[in-house]
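**Student:** Sequence:
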Amino acid sequence: MDTTIGSVPAAADATPPAPSASAPREATLGRHLARRLAEVGARDVFAVPGDFNLTLLDELEAESGSTGVRLVGCCNELNAAYAADGYARARGGGVGACAVTFTVGGLSAINAVAGAFSENLPVVCIVGGPNSNDYGSNRILHHTIGLPDFTQELRCFQNVTCYQAVVNNLEDAHEQIDTAISTAIKESREQACLH
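The letter at position 60 of the sequence shown is residue 60 when you use full-length UniProt numbering, and the numbering goes up by one with no holes.
Treat the hints as calculated values from the structure; they're not laboratory data.
Hints should not be assumed to be uniformly reliable.
What the hints assert, rightly or not - Cross-link-like lysine to aspartate or glutamate pairs, in silico, DMTMM-like; alpha carbons within 20 Å at most:
1. K186 / E119
2. K186 / E175
3. K186 / E61
As the list claims (entries may be wrong) - Cβ-Cβ distance ranges computed for the label pairs, FRET-style:
4. G115 / C75: 14 to 22 Å
5. G92 / I145: 32 to 40 Å
6. L147 / D51: 15 to 23 Å
Here a beta-carbon is modelled for each residue, glycine too, at the ideal position from N, C-alpha and C.
With the hints as constraints, model all of the structure from the sequences given.
**Tutor:** Next up, the structure:
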């Protein structure tokens, strides 16, 4: 069975390596995420641009030359999550990844996320979210279903994922990203909601 997706062969070992010593702690979140995804063999990130993930997508794209991680544009979030599911399946349980925007994107992707979860596939769903300054502001933002509660989407994902994290500060962001990816692999279940 051919297990090659594009130019990436199936992962022989899904155990994530320790964070690279060459990756400085001061690296941006997008750079760190790209490096960690590359280290676990997730070379394609299936993405739908949206206002809450544009900076992240720019950073992932900027790292494509050094990490080999590339963005694969999808027409909608459900397709992006299903593509990540298919990528994980085709690679024999290797990590699949998708990146979508806050609420409207995440809730669209959740059916595929739940499917990956039920099939014990390690899929990382990265959801762009509001600026950390917006949390606790009691403001209604677009994509919030008309309420100032930014946790609605995360609560939905809790039932169909083995790990969730909201990245609100740089101090523990690298650890949260590493834990999310490691947990997805260890549990062989879907991980989602890196906001």
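**Student:** What are the numbers of the hints the structure violates, in ascending order?
**Tutor:** 3
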